[in-house]
Amino acid sequence: MTKLTVVELKLLTREPGAIFSLLIPLFILVVFGSSIEPGDTVLLPMALAIAVGLVGLYMLPTTMATYRERGILRRLSTTPVRPGNLLVVQLILQLVLALTACGLLLAVGGTVLGAHLPTRVLSGVLTFLLGTAAMFAVGLLIAALAPNGRAANGIGVLLYFPMAYLAGLMQPTDQMPDILARIGEYTPLGAFRQSMQDVWAGGAPSPLLLGVMAAYAVVISIAAARFFRWE
Amino acid sequence: MAVIEVTDLRKRYADLTVLDGVSFSVEEGEIFGILGPNGTGKTTTVECVEGLRRPDGGSIKVLGLDPVKDGRKLREQIGVQLQHTQLPENIKVWEALDLYASFYAKPRNWRELLEEWGLADKRNARFGKLSGGQKQRLFIALALVGNPRVAFLDELTAGLDPQARRTTWELIKRVRASGVTVVLVSHFMDEVEELCDRVAVFDRGTIVAIDTPAGLVDGIDAEHQMRFTLMAGDMVELGGLPGVTGVTRTGSRVVVTGRGDFATAVTAELARHHVLVSDLRIDKRTLDDAFVALTGRSFDATH
Ligand SMILES: Nc1ncnc2c1ncn2[C@@H]1O[C@H](COP(=O)(O)OP(=O)(O)O)[C@@H](O)[C@H]1O
Ligand SMILES: [Mg+2]
Numbered sequence: 001m002t003k004l005t006v007v008e009l010k011l012l013t014r015e016p017g018a019i020f021s022l023l024i025p026l027f028i029l030v031v032f033g034s035s036i037e038p039g040d041t042v043l044l045p046m047a048l049a050i051a052v053g054l055v056g057l058y059m060l061p062t063t064m065a066t067y068r069e070r071g072i073l074r075r076l077s078t079t080p081v082r083p084g085n086l087l088v089v090q091l092i093l094q095l096v097l098a099l100t101a102c103g104l105l106l107a108v109g110g111t112v113l114g115a116h117l118p119t120r121v122l123s124g125v126l127t128f129l130l131g132t133a134a135m136f137a138v139g140l141l142i143a144a145l146a147p148n149g150r151a152a153n154g155i156g157v158l159l160y161f162p163m164a165y166l167a168g169l170m171q172p173t174d175q176m177p178d179i180l181a182r183i184g185e186y187t188p189l190g191a192f193r194q195s196m197q198d199v200w201a202g203g204a205p206s207p208l209l210l211g212v213m214a215a216y217a218v219v220i221s222i223a224a225a226r227f228f229r230w231e
Numbered sequence: 001m002a003v004i005e006v007t008d009l010r011k012r013y014a015d016l017t018v019l020d021g022v023s024f025s026v027e028e029g030e031i032f033g034i035l036g037p038n039g040t041g042k043t044t045t046v047e048c049v050e051g052l053r054r055p056d057g058g059s060i061k062v063l064g065l066d067p068v069k070d071g072r073k074l075r076e077q078i079g080v081q082l083q084h085t086q087l088p089e090n091i092k093v094w095e096a097l098d099l100y101a102s103f104y105a106k107p108r109n110w111r112e113l114l115e116e117w118g119l120a121d122k123r124n125a126r127f128g129k130l131s132g133g134q135k136q137r138l139f140i141a142l143a144l145v146g147n148p149r150v151a152f153l154d155e156l157t158a159g160l161d162p163q164a165r166r167t168t169w170e171l172i173k174r175v176r177a178s179g180v181t182v183v184l185v186s187h188f189m190d191e192v193e194e195l196c197d198r199v200a201v202f203d204r205g206t207i208v209a210i211d212t213p214a215g216l217v218d219g220i221d222a223e224h225q226m227r228f229t230l231m232a233g234d235m236v237e238l239g240g241l242p243g244v245t246g247v248t249r250t251g252s253r254v255v256v257t258g259r260g261d262f263a264t265a266v267t268a269e270l271a272r273h274h275v276l277v278s279d280l281r282i283d284k285r286t287l288d289d290a291f292v293a294l295t296g297r298s299f300d301a302t303h
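Here the protein sequences come in this chain order: A and B.
Reminder that position 133 of the first sequence reads as 133 in the numbering used here, one-by-one numbering, no gaps.
Reminder that position 238 of the second sequence reads as 238 in the numbering used here, one-by-one numbering, no gaps.
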């Protein structure tokens, strides 16, 4: 299990997509960060949502669907090691990737750009975990349904833009049509961004939105598990 | 001792019957061939034996274990090369071997395998950059890294050039010499003829014969021909010899058609009458002929 984790980690660092998931949100943060007021509470939650969205919708499903497509899960099931171990290792590493991306954003945003960092650390961590769980569940469902890695990649990219728009990542929510902004708040990524923003503003995240993210995480994971095929 | 015992194996997918009562056993230390045209259920059979697919009926014992119930214990003792698998593009050769070795309780030293399978200078190459032959050698090395008692190799030379196939064959013989029982799935006659101690011939989900390659060829009674050119001496009457079914002569060229071992009788008769011939050729009967005789169909037409 240790060796499997080490090798998978090496493979992840050789994956250009992983580097992009780290750099794209950072790039956006830096570009828009040059014009923010000191103590800004909006940009960092957006950047975090972009990072978690990229990992959940793009990296996770593409990697897993590719592993199935290449028969790597099948090959593993001929050894004493269960292929489920590989999925667990992948989930952990993708979580580490999302954490790294967010850590990088917080570090750069909080120091160089002078953006606000929240004091409610526990609420922030809880929101991060629930939001990441919801996005990873969506990623797992894509991996379960996509016939191959290329398709998973395509679906991920296709889903990313509407989800990012509804979450208010392309346009501030107050400039969006009211109805879309309302709906968007209850999408996995929207609930994540809104809750993060609440934390940044110094308040507690709405229990309703936390519940919404938890519900997405559970329901979509169950669907993913139902549709998942090893081959 | 039988290492693998398969009795009345059955498998269907929806309304397609893929295996219809397949039985065979594999002895310790042999290379056992599973031969047949594409789509006849060879892969399905071995994957049931490996425990990757669940049969609908029949019984399987591998090393005394049930592949479904004792899967974990069995997988410690078998090595598998699957027909359609790849590794991650970016994994290095040594990393793959090191990783797969870590899956087993008593693995082989993968550095030795690297040498044995001619991959030492590709040690740090990524999987995606290997040639077809190198990938195939890596797959076989991975199948052996757990120090298995039985190795399953499915279409191991598909897509290789003739030179690479020959090299692979020599290496497979070495695997047998090291005491590993090998189950070799192939749709290539020449490969099976070259490597296998015994062969099960598959046709449309059943086994039509199990024998040594030579036994299969001898077992068929197909007509074949011998040809020669008369050098000196007068032609003798050959038509009455045992097995001979026809003699034609065009100038000094003679073609004798017959069944069984008629060629020995013909050469003896020629020698007895001091007839000198040159350019003597006896058409070799092959597994192809055996397949046609067994199934009434040609092997290649079913591809
Ligand atoms: N998972 C599956 N679902 C449906 N049909 C299958 C499946 N696997 C194999 N088959 C069918 O079973 C038949 C035998 O396949 P296979 O065992 O791969 O043959 P071979 O290895 O001899 O080429 C083929 O007709 C194939 O299409
Ligand atoms: Mg096959």
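Fair warning: there could be bad hints in the mix.
A few chain A residues that face chain B, going by a derived Cβ cut-off under 7 Å, partial list only [stated by the list, open to error]:
1) Leu11
2) Thr78
3) Thr79
With a cut-off of at most 25 Å between alpha-carbon atoms, the simulated DMTMM-like pairs for lysine to aspartate or glutamate come out as follows [stated by the list, open to error]:
4) B:Lys135 - B:Glu155
5) B:Lys92 - A:Glu69
6) A:Lys10 - B:Glu269
7) A:Lys3 - B:Glu116
8) B:Lys69 - B:Asp121
9) B:Lys135 - A:Glu15
10) B:Lys106 - A:Glu8
11) B:Lys173 - B:Glu5
12) B:Lys69 - A:Glu231
13) B:Lys135 - A:Glu231
14) A:Lys3 - A:Glu15
15) B:Lys284 - B:Glu269
16) B:Lys106 - B:Asp161
17) B:Lys135 - B:Asp70
18) B:Lys92 - A:Glu231
19) B:Lys92 - B:Glu116
20) A:Lys3 - B:Glu112
21) A:Lys10 - B:Glu155
22) B:Lys92 - A:Glu8
23) B:Lys61 - B:Glu89
I should point out that these hints are in silico values taken from the structure, not numbers from a laboratory.
Glycine included, C-beta positions come from ideal geometry on N, C-alpha and C.
Do the hints match the structure? See the list:
1. Using the Cβ-Cβ criterion of 7 Å, the hint placing Leu11 of chain A at the interface with chain B is satisfied: the shortest such distance is roughly 5 Å.
2. The closest approach between the C-beta of Thr78 of chain A and any C-beta of chain B is roughly 4 Å, which is under the 7 Å cut-off, so the hint is satisfied.
3. Taking 7 Å as the C-beta cut-off, the interface hint given for Thr79 of chain A holds, the closest approach to chain B being about 4 Å.
4. For a cut-off of 25 Å, the pair hint linking Lys135 of chain B to Glu155 of chain B stands: about 13 Å separates their Cα positions.
5. For the hint pairing Lys92 of chain B with Glu69 of chain A, the CA-to-CA distance comes to about 19 Å; that is within 25 Å, so the pair holds.
6. Distance hint between Lys10 of chain A and Glu269 of chain B is unfulfilled; the C-alpha atoms sit about 74 Å from each other, more than 25 Å.
7. For the given pair, Lys3 of chain A sits about 24 Å from Glu116 of chain B by alpha-carbon distance, which is consistent with the 25 Å threshold.
8. Between Lys69 of chain B and Asp121 of chain B, the direct Cα distance comes to roughly 41 Å. Violation of the 25 Å bound is thereby established for this hinted pair.
9. Between Lys135 of chain B and Glu15 of chain A the alpha-carbon distance is near 21 Å, which keeps this suggested pair within the 25 Å criterion.
10. Of the supplied pair hints, the one linking Lys106 of chain B and Glu8 of chain A holds, its CA atoms being roughly 23 Å apart against a limit of 25 Å.
11. Between Lys173 of chain B and Glu5 of chain B the alpha-carbon distance is near 23 Å, which keeps this suggested pair within the 25 Å criterion.
12. For the hint linking Lys69 of chain B to Glu231 of chain A, the alpha-carbon distance of about 21 Å falls within 25 Å, and the restraint holds.
13. For the suggested pair Lys135 of chain B and Glu231 of chain A, the alpha carbons sit about 21 Å apart, so the restraint of at most 25 Å is met.
14. At most 25 Å may separate the alpha-carbon atoms for a hinted pair to count; Lys3 of chain A and Glu15 of chain A meet this at roughly 18 Å.
15. Under the criterion of a C-alpha separation no larger than 25 Å, the hint pairing Lys284 of chain B with Glu269 of chain B is consistent with the structure, at around 21 Å.
16. With a C-alpha separation of about 34 Å, the suggested pairing of Lys106 of chain B with Asp161 of chain B is violated against the 25 Å cut-off.
17. With a C-alpha separation of about 31 Å, the suggested pair Lys135 of chain B and Asp70 of chain B falls outside the 25 Å cut-off, and the hint is violated.
18. Between the alpha carbons of Lys92 of chain B and Glu231 of chain A the distance comes to roughly 24 Å, so the proposed pair stays at or under 25 Å and holds.
19. A threshold of 25 Å between alpha carbons decides the hint, and for Lys92 of chain B with Glu116 of chain B the separation of about 18 Å falls inside it, so the pair holds.
20. For the proposed pair Lys3 of chain A and Glu112 of chain B, the alpha carbon gap of about 20 Å is at most 25 Å, so the pair holds.
21. A C-alpha spacing of about 31 Å is found between Lys10 of chain A and Glu155 of chain B, which places the hinted pair above 25 Å, so the restraint is violated.
22. The hinted pair formed by Lys92 of chain B and Glu8 of chain A meets the criterion: a straight-line CA distance of about 12 Å does not exceed 25 Å.
23. With a C-alpha separation of about 36 Å, the suggested pairing of Lys61 of chain B with Glu89 of chain B is violated against the 25 Å cut-off.
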